[in-house]
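4 protein chains.
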Amino acid sequence: MCREVGARHVQVQLIQYTPEPERTVAAAARLCYAPIDAIQLLEQLSAAQIERLLRQVIRSGHHSVLEHASFTFAIGGISRVTSHQLVRHRLASYSQQSQRYVSYERIEYVTPPAIAGDPSLLTRYETAMAAAHELYVDLQQAGVAGEDARYVLPNATATNLVVSMNARELRHFLTVRCCNRAQWEIRGLAHAMRRAVLAVAPVLFDDAGPACWRGPCPEGHLSCGAPPPRD
Amino acid sequence: MCREVGARHVQVQLIQYTPEPERTVAAAARLCYAPIDAIQLLEQLSAAQIERLLRQVIRSGHHSVLEHASFTFAIGGISRVTSHQLVRHRLASYSQQSQRYVSYERIEYVTPPAIAGDPSLLTRYETAMAAAHELYVDLQQAGVAGEDARYVLPNATATNLVVSMNARELRHFLTVRCCNRAQWEIRGLAHAMRRAVLAVAPVLFDDAGPACWRGPCPEGHLSCGAPPPRD
Amino acid sequence: MCREVGARHVQVQLIQYTPEPERTVAAAARLCYAPIDAIQLLEQLSAAQIERLLRQVIRSGHHSVLEHASFTFAIGGISRVTSHQLVRHRLASYSQQSQRYVSYERIEYVTPPAIAGDPSLLTRYETAMAAAHELYVDLQQAGVAGEDARYVLPNATATNLVVSMNARELRHFLTVRCCNRAQWEIRGLAHAMRRAVLAVAPVLFDDAGPACWRGPCPEGHLSCGAPPPRD
Amino acid sequence: MCREVGARHVQVQLIQYTPEPERTVAAAARLCYAPIDAIQLLEQLSAAQIERLLRQVIRSGHHSVLEHASFTFAIGGISRVTSHQLVRHRLASYSQQSQRYVSYERIEYVTPPAIAGDPSLLTRYETAMAAAHELYVDLQQAGVAGEDARYVLPNATATNLVVSMNARELRHFLTVRCCNRAQWEIRGLAHAMRRAVLAVAPVLFDDAGPACWRGPCPEGHLSCGAPPPRD
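Protein chains in written order, with the numbering used here: chain A, 1 to 231; chain B, 1 to 231; chain C, 1 to 231; chain D, 1 to 231.
Hints in this document: simulated from the structure, not taken from any laboratory.
Quick list of the computed label-pair ranges, beta carbon to beta carbon:
id, chain 1, residue 1, chain 2, residue 2, range
1, C, R195, D, A192, 35 to 41 Å
2, D, P113, C, D207, 45 to 51 Å
3, D, C217, B, G225, 25 to 31 Å
4, D, A211, C, T123, 55 to 61 Å
Chain A stretches covered by chain D per the calculated footprint, using a threshold of three residues with CB under 8 Å from any CB of chain D:
id, region
5, 83-95
6, 131-139
C-beta: ideal position from N, C-alpha, C; glycine also.
Using the sequences and the accompanying hints, generate a full structural model.
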């Protein structure tokens with residue numbers, strides 16, 4: 001059992017999604033208000049009609065039709081701090097690498113920028129990471145099961161997940177987690193997820209992000225100073 | 001406003017689904033128990049590996065990974081009896097044609113076989129359907145809004161929906177609604193949905209259906225007489 | 001089998017709820033931000049502290065703590081139009097009187113005010129209700145099962161439910177359904193539910209209701225003319 | 001800022017629940033299958049009738065009526081390993097002490113029995129806990145925010161939550177987590193929660209626990225050796 005320890009950064013890949021997500025949502029929206037039939041639903045909607053229907057749905061707040069488009073991400077290199085925050089969003093599906101069944105030969109961890117930017121703190125941090133991993137390995141070599149040895153692993157330990165969210169929940173997630181008041185790590189994850197879906201569903205997501213992009217700050221004032229840039 | 005009334009049968013179309021639903025689920029399952037990374041997830045899994053992983057997941061009851069595959073159906077020609085039963089499944093997404101906003105020029109309705117098979121009952125049934133539609137039209141012509149006029153429409157009135165369910169919830173739905181003890185109309189809908197997904201995800205759904213296909217009848221005995229045939 | 005048919009109005013009773021709902025929510029809120037312990041949670045919070053904590057939670061939008069207070073209603077005399085709308089709120093629990101198992105000797109129905117206020121329309125409406133019930137009874141006497149006979153019953157037919165919602169979902173329900181743009185019947189139900197919970201949890205619910213009670217109309221303008229009165 | 005570190009054991013208190021949970025569920029069950037009214041629902045059901053109705057509901061698998069009884073627990077002294085597992089149950093409500101906002105002067109942690117039982121391992125474990133806490137305090141004294149300093153805290157760190165689950169979800173939770181194959185810590189938590197609700201709702205929960213208490217082991221064999229004792 002080697003004792004490798006390595007620093008890690010977030011990786012986000014949109015690995016699968018409902019084909020033609022915007023057409024699908026627009027077709028469902030159209031069904032609600034028109035006396036059309038299942039068959040007719042599939043007829044050609046022009047790109048302009050789709051965009052108009054989606055903007056109307058999003059503006060009106062009748063967001064349930066957005067649920068018909070689903071997005072699946074592979075996420076790597078986030079800390080257990082962040083995975084614990086992430087899975088609190090209950091209207092989503094998660095498959096997380098289990099620390100119970102996986103005996104890590106190589107432990108990776110996430111380093112907060114506030115620590116990475118200070119050489120003396122970083123040295124202490126890295127030493128602590130290596131020490132935790134060493135104890136984790138030693139406990140297992142002494143016969144302790146991986147599921148118990150992991151109690152010594154730090155919050156910083158990196159984990160991998162597969163996450164699926166529909167467009168409605170994803171928009172909510174981006175509202176809360178792209179906000180400057182979200183912690184830097186989950187905020188970075190949220191912005192990466194946003195970039196990934198924006199590339200395939202620009203109308204569904206172009207105004208998705210912190211509430212201040214669409215209206216007043218829900219805190220009543222921009223306590224963070226200024227909205228995050230839209231890229 | 002014409003006063004057409006017409007009989008209607010259920011129509012089910014699988015209009016969209018997560019591409020490669022079985023590979024997607026298998027990749028998520030693999031992540032949980034192996035020290036692999038987001039990138040590695042996307043590597044080639046053979047058809048045989050996918051099938052083996054899926055059968056293992058389904059047999060073990062660890063069904064949360066099934067949630068990463070989502071299926072969207074256009075459903076037409078079901079009665080309001082059945083749409084009311086359908087939307088009681090809360091872990092799914094629905095867009096239903098609103099009787100509030102759509103003023104039906106043509107009303108379609110569903111006829112139970114027990115009535116369709118008896119000419120004298122059928123005549124009374126069809127007369128009642130036509131009378132209800134006539135009153136519905138008359139009320140609107142007298143200035144009553146469509147949302148109020150619809151109070152006279154019968155349970156039999158046909159409706160259209162777009163429905164999305166993930167594979168886990170869909171398997172649960174098929175367990176409950178393909179059962180011979182489910183009412184004939186939602187059972188017909190469930191079997192049609194099953195056929196549609198079986199064509200694109202045979203391993204995910206080949207044992208999906210009433211509980212008696214997989215083990216003992218949950219009622220403790222086959223009170224219906226015999227399991228429904230598999231095709 | 002008698003053939004009674006009767007008019008019906010909505011009845012709402014709050015039959016059960018989490019004891020001390022406001023103290024419970026305040027204690028949960030306090031736990032999130034203070035280094036206190038399970039035991040300490042139970043210590044006395046003054047009424048003023050509870051009110052202050054709740055107003056802070058509600059204003060800040062961190063509504064998940066509101067989920068710890070749950071409310072159970074017995075609802076009678078709503079039409080199937082309204083029960084179908086109601087059960088579309090998926091984050092709640094419903095037990096509905098089944099039309100499948102209950103063979104109604106007496107059918108009750110709801111009459112829209114727009115029809116009740118016009119004697120000639122009302123006469124036609126009542127005649128239609130009686131005719132539908134008569135056919136429903138006749139079908140059963142001819143051997144058709146109740147679950148099939150009900151296809152002729154109108155949308156107006158009254159139903160009873162037991163509904164449980166937590167305070168977070170209930171506040172959302174009241175926002176959407178107390179709005180003047182909601183249909184009159186579910187709006188009446190929502191206002192009755194609001195009055196019932198306001199009596200036992202005045203701080204949790206005093207600003208619960210249409211969005212225009214708390215800020216701008218989400219439609220961008222008060223298309224309904226004016227906000228509904230608060231009592 | 002003192003640097004106390006202390007060992008900790010799980011504490012569970014049922015702090016609130018739907019009054020008369022069994023009568024409430026029985027009343028909802030009765031509504032579904034009988035032509036009774038909201039008012040009549042509240043009439044006296046005898047203890048024997050309640051028990052009979054509940055056993056029938058539980059045996060038949062029609063568990064949605066169980067959702068009307070809700071239970072709120074204060075949970076203290078569980079590790080972040082266990083809180084991360086716990087919050088994966090999505091049909092429940094959680095308020096968790098935030099490591100982001102609470103700067104711990106005293107850190108408590110959970111020790112796996114496999115480590116506690118071996119003096120030399122225990123010494124290394126306790127030393128590691130103290131070292132992690134020391135670094136956590138030092139980082140904050142060097143100006144690192146608590147939300148970032150916590151990256152060095154171990155999985156073993158104790159946390160407090162308020163959790164609400166309805167009886168249906170709670171029965172599912174107990175099925176999965178009272179099982180001998182669940183990890184010892186969440187299993188201990190689940191059995192403590194079971195004892196707490198059994199005291200106030202004995203019919204609702206007397207068969208709640210691992211699947212092997214009610215039928216065959218879902219693994220197809222008792223791979224754990226023998227069912228856990230019922231107490």
